[in-house]
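Asks: Residue-level listing of the chains:
There are 10 protein chains.
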Amino acid sequence: MDKQAMKQAILAAKKAKGLRWDHIAGEINMSPVWTATCCLGEASATEEIAQKITAVLDLGDDVADALTECPMKGQWLDRGIPNDPMLYRFYEILSVFGPGIKDYVHEEFGDGIMSAIDFMVDVEREENPKGDRVKIVMNGKFLPYVRW
Amino acid sequence: MDKQAMKQAILAAKKAKGLRWDHIAGEINMSPVWTATCCLGEASATEEIAQKITAVLDLGDDVADALTECPMKGQWLDRGIPNDPMLYRFYEILSVFGPGIKDYVHEEFGDGIMSAIDFMVDVEREENPKGDRVKIVMNGKFLPYVRW
Amino acid sequence: MDKQAMKQAILAAKKAKGLRWDHIAGEINMSPVWTATCCLGEASATEEIAQKITAVLDLGDDVADALTECPMKGQWLDRGIPNDPMLYRFYEILSVFGPGIKDYVHEEFGDGIMSAIDFMVDVEREENPKGDRVKIVMNGKFLPYVRW
Amino acid sequence: MDKQAMKQAILAAKKAKGLRWDHIAGEINMSPVWTATCCLGEASATEEIAQKITAVLDLGDDVADALTECPMKGQWLDRGIPNDPMLYRFYEILSVFGPGIKDYVHEEFGDGIMSAIDFMVDVEREENPKGDRVKIVMNGKFLPYVRW
Amino acid sequence: MDKQAMKQAILAAKKAKGLRWDHIAGEINMSPVWTATCCLGEASATEEIAQKITAVLDLGDDVADALTECPMKGQWLDRGIPNDPMLYRFYEILSVFGPGIKDYVHEEFGDGIMSAIDFMVDVEREENPKGDRVKIVMNGKFLPYVRW
Amino acid sequence: MDKQAMKQAILAAKKAKGLRWDHIAGEINMSPVWTATCCLGEASATEEIAQKITAVLDLGDDVADALTECPMKGQWLDRGIPNDPMLYRFYEILSVFGPGIKDYVHEEFGDGIMSAIDFMVDVEREENPKGDRVKIVMNGKFLPYVRW
Amino acid sequence: MDKQAMKQAILAAKKAKGLRWDHIAGEINMSPVWTATCCLGEASATEEIAQKITAVLDLGDDVADALTECPMKGQWLDRGIPNDPMLYRFYEILSVFGPGIKDYVHEEFGDGIMSAIDFMVDVEREENPKGDRVKIVMNGKFLPYVRW
Amino acid sequence: MDKQAMKQAILAAKKAKGLRWDHIAGEINMSPVWTATCCLGEASATEEIAQKITAVLDLGDDVADALTECPMKGQWLDRGIPNDPMLYRFYEILSVFGPGIKDYVHEEFGDGIMSAIDFMVDVEREENPKGDRVKIVMNGKFLPYVRW
Amino acid sequence: MDKQAMKQAILAAKKAKGLRWDHIAGEINMSPVWTATCCLGEASATEEIAQKITAVLDLGDDVADALTECPMKGQWLDRGIPNDPMLYRFYEILSVFGPGIKDYVHEEFGDGIMSAIDFMVDVEREENPKGDRVKIVMNGKFLPYVRW
Amino acid sequence: MDKQAMKQAILAAKKAKGLRWDHIAGEINMSPVWTATCCLGEASATEEIAQKITAVLDLGDDVADALTECPMKGQWLDRGIPNDPMLYRFYEILSVFGPGIKDYVHEEFGDGIMSAIDFMVDVEREENPKGDRVKIVMNGKFLPYVRW
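Residue numbers (this note's numbering), protein chains in the order written: chain A, -7 to 140; chain B, -7 to 140; chain C, -7 to 140; chain D, -7 to 140; chain E, -7 to 140; chain F, -7 to 140; chain G, -7 to 140; chain H, -7 to 140; chain I, -7 to 140; chain J, -7 to 140.
Looking at chain A on its own, in the form it has when it is part of the complex (with noise of 0.2 Å):
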């Protein structure tokens, strides 16, 4: 069973039983962005955690097989920048932001990088009375330029 064949089964029993991504999260010890980008197919599991989120939706060890596979992964953007309107914003925010971002980074830590896979995400919603808002948080080692 490849990623995408795993993707459609657990977005069907995850329909079928009408779970959230927290719900699922909650049941497996783990964050929620973590939990739906792992069933989506951009991150594996260990053994354990597969078995799990397959308990979780009453699913096979093929897919608990599947969920364990290293994967290929960011096929879906293969036209380099993203149309959907919710995934454009990231790009956008790293065009305009993405300059001072970088300057203050190398300002504060130095020539290097926010790891990206020492890394973690999460979102949270922020209850305001003029329209709530998405708080995404970020945190990735900085990992200094080795000068060797």
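Calculated from the structure, these hints are not laboratory results. Do not take every clue at face value.
[What the hints assert, rightly or not] Calculated cross-link-like contacts (lysine-lysine; reagent style DSSO-like; alpha-carbon spacing at most 27 Å):
| hint | chain 1 | residue 1 | chain 2 | residue 2 |
| --- | --- | --- | --- | --- |
| 1 | B | Lys9 | J | Lys(-5) |
| 2 | B | Lys6 | J | Lys(-5) |
| 3 | C | Lys6 | C | Lys44 |
| 4 | I | Lys(-5) | G | Lys(-5) |
| 5 | B | Lys127 | I | Lys122 |
| 6 | B | Lys6 | J | Lys(-1) |
| 7 | C | Lys(-5) | A | Lys9 |
| 8 | I | Lys6 | I | Lys(-5) |
| 9 | G | Lys7 | I | Lys44 |
| 10 | H | Lys44 | H | Lys9 |
| 11 | D | Lys(-5) | B | Lys(-5) |
| 12 | B | Lys(-1) | J | Lys(-1) |
Dock chains B, C, D, E, F, G, H, I and J against chain A, hints included.
Replies: Below, chains B, C, D, E, F, G, H, I and J without anything else, positioned relative to chain A:
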């Protein structure tokens, strides 16, 4: 004076005075990332803020004027996908974690987007014995799609 | 049922019944462009609207379900620039009149954008003895950039 | 004098005089968006209009001459997809609402297009207690495909 | 029946009957290039023409129906620049002779375009002892830009 | 003197003298489109023609020299797809009518192409009470593929 | 039978019979590269040659028919730049040696091109004690640009 | 002196002296295509050859120096696909005949490539009463893939 | 059996038997990276190696046959720039360290390249108390440019 | 002084003094590839190293300053795929051997990447009677994906 010349003038004055973005931001009562974004030409200042920035840097009215102009944003990203490793990581985060975030936001908020205009982003250092971490907090208003 | 299958089912039923978008829109009390956009899979309906649409077209709950899902939008435009002449004209309008509109909006409203989310668009026929005209009215909330 | 130099001269004079596009448009009896489009080098003026524009701005015959030339249009959009958020929203509107508009126009008018040449576009502010709105009215002749 | 299936059905029937585009065009009183364009799915027919085409080819109402639909045009050219040598030559003509034609048209007609909608194109063989020549005659209405 | 400088010199002299391409073409006994193409740097002249062109325009030997050089052609079209509406229409014609023309040419002439080298193109005004029309006549040798 | 199916049928038969392109070419009195090009669907055969090819391979009239059709050429190269190392080398040769060849051809022949239609290409093995060499001989008619 | 300036200096001197690539090549005992390639900045010379080239052209040591540098090759081809018709034909040959050549080479030599480094290319005029022909002979070492 | 089917068959058998690439490589006396490359369809095997691979995996002659075919290589990378983070890092290394490596190689070896054909690459784990490291050793013959 | 000017100054001084990267690297106790990378503007130096580099080359503090700045990396690669043959080979290695390396690394280390930041690369000459070889050793920390 166009935005490009303004940026060069500001970076030269900032270097000559040995200032950092957070120093300037502190002087003008704004956040460091916004201050850097505006001085690099990707955002526009009010006249009052523009006067404060040029006062801190001992720069003239032509720079203040340029700071208030609405820029053609994102021109640095003319290749579509950024090559710089620090900036590329945001593209990679979109590529790997974007679909999971999108799905989770839709489940929590319905169909719509996180605004990148009614939006703030801050960067913090999180101390960690295994290596300090970069924490980026994005905060944007949720905008639901109108149905009419 | 995914959005692609939903769209095919709706187009087939609409053709079999000899309906037009404005007929369907009239039945469900929505505007024709939004109704077409939703049925073509680029917008999502509330459950109530989805029930009304499928009632008009004698379609089942799987179609109604699919209508309420938040789509991955804009996938038809995978080449970046549309070749279809009717659709290309919008790209050409952006290309020729975009900079003038941007400048005028900034002068009138300040730095920010016209929202494409808190947004409505209608199409009307304007009768004209030299040849009827297409009138497209876009109406989007102005969103000013936050400075923080 | 080429279009680029003409545009710089006009923008400098306009700024020095503290004029806005709607002021200039009022003086020359044209619409603001067209006036901005022409002064930014994306449209050409008649000799009479060119004389009026340069009279308002106290500019010379070389600017008037340049205003009458037929430009190579759309060169600013050399990356295909615009990064600037204000301009990108038009691309997003095409991406999300384009197919619905196309289908509706074909149903109403038959096979053909809305002209982007025999075309006018105006921008208005619509006051609204929840935040003012940008109203963009496009008006183009419907051109049916010839069958021969 | 979609345009792709329609095209396959027409090409198969045309081959089985040993017909050429000019034969079919003669039967239906239209020009050969338009007839081919329509049968290949890049143009739409009136119901009357659609009936005539399917009568010539002994095809059913589903094909006639599909012939009358307004197509999403130009989808074959999804790579931007065509590789096929016969089709590439048109791109090369645009590349080499385009600027000269543009300038000449503007001098003769003013700012505007040759319509590609109110437009006809015919292909003829010109006999020549050194090798016959392809003569392509394009005829499109000149559309002047509106100034408003 | 390179082609770019040559073009600027010719356009300036042409403007100063108030000439049009067809006037110059008449003086040198060539067609207007070819004359414009050559003066814009997309074709090369013989020495005799180059002398005639510079005589008409009172330009020096460096311009004549540059006119005879074989250009690196098509460099203006560096974005692949032209944004200028007048030039884009040729791309659109290729996109919509290209497949029909290709098929018709193969039926009439066999496998091969219309040459874009042994090729002439002329533009004429066709008067028409509903609006004058642009008539473009392309004439290229048919080149059959060799089989060896 | 389309070109893709034709190609699969030919490759399967060729493999089953243990033939090489030069064997088949020898049987039908054509060159090996042309024979391979035609059987891979990038060229068209005369009916006589098509009959000979299918006779050698024991294939039916549907394959012979498909061999005579004029293909939409170059579709395999849909990414613009080929990734396959053997094919990429031709792109690299164009990139490194193209300008020198162009200049030399113009000096020797004047403005024009080497035809890729009235064109033959052969591949030979050149034995060499340091490692055999691939010799590719291209032979195309020089086509001078018309000036009209 | 960089390669761009070197190229300009060489082309100016060559023109002033009325030399052709084959004259210069004859003086320095190299082939004309290589000589042109090197002088246009796409190859590097030994010091001895560089001295000979500058001697023929009466140019200084800075040009000789620049001739010996290893260039960043292929920068002229920055659009991916060349627009110039003479150069495009090589791309077209790759597109149409590439797969056949690849298959034939693999059958004859096994898996590997024709080197574009251990490689020579010559251009000759082949006289022909129907029009002279360009003969291009490429000769590259076959490099088999290592299996390890 | 084409390369895609071959790859699926091999991956399924490998998974069913619980083998790793280094186990298979050990059995057939080849290196693990080459073995994986060949089984994934990017390299070709000799008949002897193909027999050994299929023996280890209990697969048939059709798989062995497919293993010996020369593949159209690199087709997975059809977007130009890989999105997968593990694969992207090689692109990033080229982007950041490529110019330095190029310059150093030219200084040490002269004008030419490191072959990617007469080439081997191995991957090793380097144990390290701060976190194990991936060591990749590339070894390719230096190929000097011919001057002829 | 920006990175571009810094690079020119360093290359000019290095040439004037007849130094090689390994000489400079030896003087400053760093590796040659890193030294070249930093001097070409793709990496940043500490102040101490910057002082040493400028001391070796007799350059001023403005160069030292520029050496310490964090660069916008990878800007030379603005076409996406490099044309230069030496640099292209790294892209080809990614294209052909990338999937095999990815799979092998995942089998050995689990899901994650080889860091391109905590990363070193060295180039060595390996003498070989059949032609010397380029040996490139890459060494990067393995970074496992976090699951949270």
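Asks: Going through the earlier hints one by one, which of them does the structure break, listed in rising order?
Replies: Result: no hint breaks.
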